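Protein chains: 2
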Amino acid sequence: MTTDIITEEELNEIYTFAVQLGKDAGKLLLDAAQLRYAGSQAAALQVEEKDSAVDIVTKTDEDVEAFIKTSIEAKYPHHKFIGEETYSKGASRSYMISDTTPTWCVDPLDGTVNYTHLFPMFCVSIAFIVAGKPIIGIIYAPFLNQLFTSCRGRGAWLNETQQLPLMRNPIPPMPANAPSGCVFACEWGKDRKDRPDGNLYRKVESFMNMAAEMGGRGGKGGMVHGIRSLGSATMDLAYTAMGGVDIWWEGGCWEWDVAAGIAILQEAGGLVTTANPPEDPETAEIEEVRLGSRLYLAIRPAGPSQTESGREGQERTVREVWRRVRELDYERPGA
Amino acid sequence: MTTDIITEEELNEIYTFAVQLGKDAGKLLLDAAQLRYAGSQAAALQVEEKDSAVDIVTKTDEDVEAFIKTSIEAKYPHHKFIGEETYSKGASRSYMISDTTPTWCVDPLDGTVNYTHLFPMFCVSIAFIVAGKPIIGIIYAPFLNQLFTSCRGRGAWLNETQQLPLMRNPIPPMPANAPSGCVFACEWGKDRKDRPDGNLYRKVESFMNMAAEMGGRGGKGGMVHGIRSLGSATMDLAYTAMGGVDIWWEGGCWEWDVAAGIAILQEAGGLVTTANPPEDPETAEIEEVRLGSRLYLAIRPAGPSQTESGREGQERTVREVWRRVRELDYERPGA
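So the sequence lines, in the order shown, correspond to chains A and B. Numbered by the working numbering, the letters in the first sequence go through residues 1 to 335 in order. Numbered by the working numbering, the letters in the second sequence go through residues 1 to 335 in order.
Honestly, the hints are just simulated from the structure, not real lab data. Careful: at least some of the hints might be erroneous.
Since the list gives no way to pick one copy over another, a pair counts as held whenever it fits inside one copy or between any two copies.
Claimed, not checked - When the alpha-carbon atoms are kept at most 20 Å apart in a straight line, the in silico DMTMM-like pairs for lysine to aspartate or glutamate are as follows:
#1 Lys193 x Glu205
#2 Lys190 x Asp329
#3 Lys193 x Glu213
#4 Lys220 x Asp197
#5 Lys220 x Glu315
#6 Lys59 x Glu327
#7 Lys190 x Glu205
#8 Lys220 x Glu205
#9 Lys220 x Asp191
#10 Lys190 x Glu213
#11 Lys59 x Asp191
#12 Lys220 x Asp194
#13 Lys69 x Glu327
#14 Lys69 x Glu315
Computed from a prediction, not measured in an experiment: that's the story for all the values here.
Chain A on its own, in the form it takes in the complex (with noise of 0.2 Å):
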């Protein structure tokens, strides 16, 4: 099946189904913790250890997945069903997302540590994605009232009266000396590993290189104008669909935390490619980013200077980025 086989009149349906879906499912998300703080010690979240101490799965997660499978189920029983619960628990670990059939890829809970603690930036993310793109995606954090919805050719919207990106007239070109100029999110991650040139190193080399002055960190300081860690891939993705993140800059997730950001990044006109530098930064192709690459670079929607398009400003932001940061070892098995 492809993409044409979906009419606009289907297409708008599939919106409004999945728009209400992210509406309840944050609702269950929000209910559950303020079942919480609310009250009885009984009803404590039951918090089991998954890969690490930081990977932290709740019951929660659990029932707010087999609800909105269920849903999708029952509306669409033709439809495919990946969820990260039910990923983590199937044999396989490959990339399972289809180019035939059309699929929804949800994560019911993104920001499962800042859900434990209370910490707002948790949400729903679900995308539905024809012929392996993400045209629908809905992202909802339910502790903060903000819905972030896009539907293919209709915009990306916050609380669906705002259309993304929020500065639209005009929207702001990238800064000239990007990455100055920029609000850069980036996250530490689960892999905490003391590994000298692991992942954590890695990290923490490349934001340093984008924090310190210019011309320091051998011509490598880019002076973004503030380095933001939210604990939400999904978050992240959605700020920066917003405009309020200029730069998102990451390994490790899946494709769960990121689709639905992606389809509405996209759809607000911003950028996704991989995190990872190519072997010519300077001139290589901006590849468009794969869904279950793990390693994604996002740049929020950007307008015309008098020099160049929103697009260009765009890649020679994506090629300074790519001459700070360090290569990221995540890996998947059929990306």
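Starting from the known structure of chain A, arrange chain B on it as the hints suggest.
Okay, now just chain B, sitting in the frame of chain A:
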């Protein structure tokens, strides 16, 4: 004048006034932000460079401070007023909080970088200080519609209805292996000099120690649950009072960045002391925070465990943080 001279009834009245002032000021911030994305380029914010490219000040900042100052002077002409903008333009850089006159300490816009980019973490911060101690705190983040308020003896609140910390039945103890299991908030700040052993390098070394696996980094690895950077000291403190952040460690803030947050955190049951480790972190007295010290370490409200009181757990956490962080070099005259 000392605290005793303000009656409980007067304090109630001042608190009511301060809450409304925070709401009104936050609305001004949001209105100005919305002008930018709703519309005309003419309404675009005038941004001028201050100390560095990272330290921007906006016209909104000055307008909102003038509004707050005028409102306070009209209502309480005998109180003293200190705001970021008045300070920046004044001749003295010395500590100006009075021990004898009730003082309002105000940041009209904390998170100016965020505000400029429309990254949601910006807020107004209003503290009322008596005998050198902040006893009323108001923080309002209008984009997130999050209002944090406290008055000594009256509890700390989110949106006037949810008491802080949010998880309070019971309030969780500090994790047994803290900082492991903790959400750690920290900021990269404005000092980005590429200077060996300068603040940037000392901060990042400290962040690395907090992040790395337990036993790593020569025994300093803290394996915190997550590292968060919001770009607003005020929001960091508000979320620590809420319980969403367990530990906040920072140098370089000024008293208007932290006064309201300290009032709210202390009223919620949190602990605030100095960022810089004393000579013997394991046994040194845990000193009370000095408002003008520019060095802060905050621990969330904590309940008792089976083996220690909440305060004991907080103090144990302070010592574990001190063991892992470097001394920062921020000074001020007069503190």
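Verification of the hints:
| no. | hint | in the structure |
| --- | --- | --- |
| 1 | Lys193 x Glu205 | both (15 Å within a copy, 15 Å between copies) |
| 2 | Lys190 x Asp329 | within (13 Å within a copy, 30 Å between copies) |
| 3 | Lys193 x Glu213 | between (28 Å within a copy, 6 Å between copies) |
| 4 | Lys220 x Asp197 | both (18 Å within a copy, 18 Å between copies) |
| 5 | Lys220 x Glu315 | within (18 Å within a copy, 40 Å between copies) |
| 6 | Lys59 x Glu327 | neither (35 Å within a copy, 41 Å between copies) |
| 7 | Lys190 x Glu205 | both (17 Å within a copy, 18 Å between copies) |
| 8 | Lys220 x Glu205 | both (10 Å within a copy, 19 Å between copies) |
| 9 | Lys220 x Asp191 | between (24 Å within a copy, 17 Å between copies) |
| 10 | Lys190 x Glu213 | between (28 Å within a copy, 10 Å between copies) |
| 11 | Lys59 x Asp191 | neither (24 Å within a copy, 43 Å between copies) |
| 12 | Lys220 x Asp194 | between (24 Å within a copy, 11 Å between copies) |
| 13 | Lys69 x Glu327 | neither (36 Å within a copy, 51 Å between copies) |
| 14 | Lys69 x Glu315 | neither (38 Å within a copy, 45 Å between copies) |
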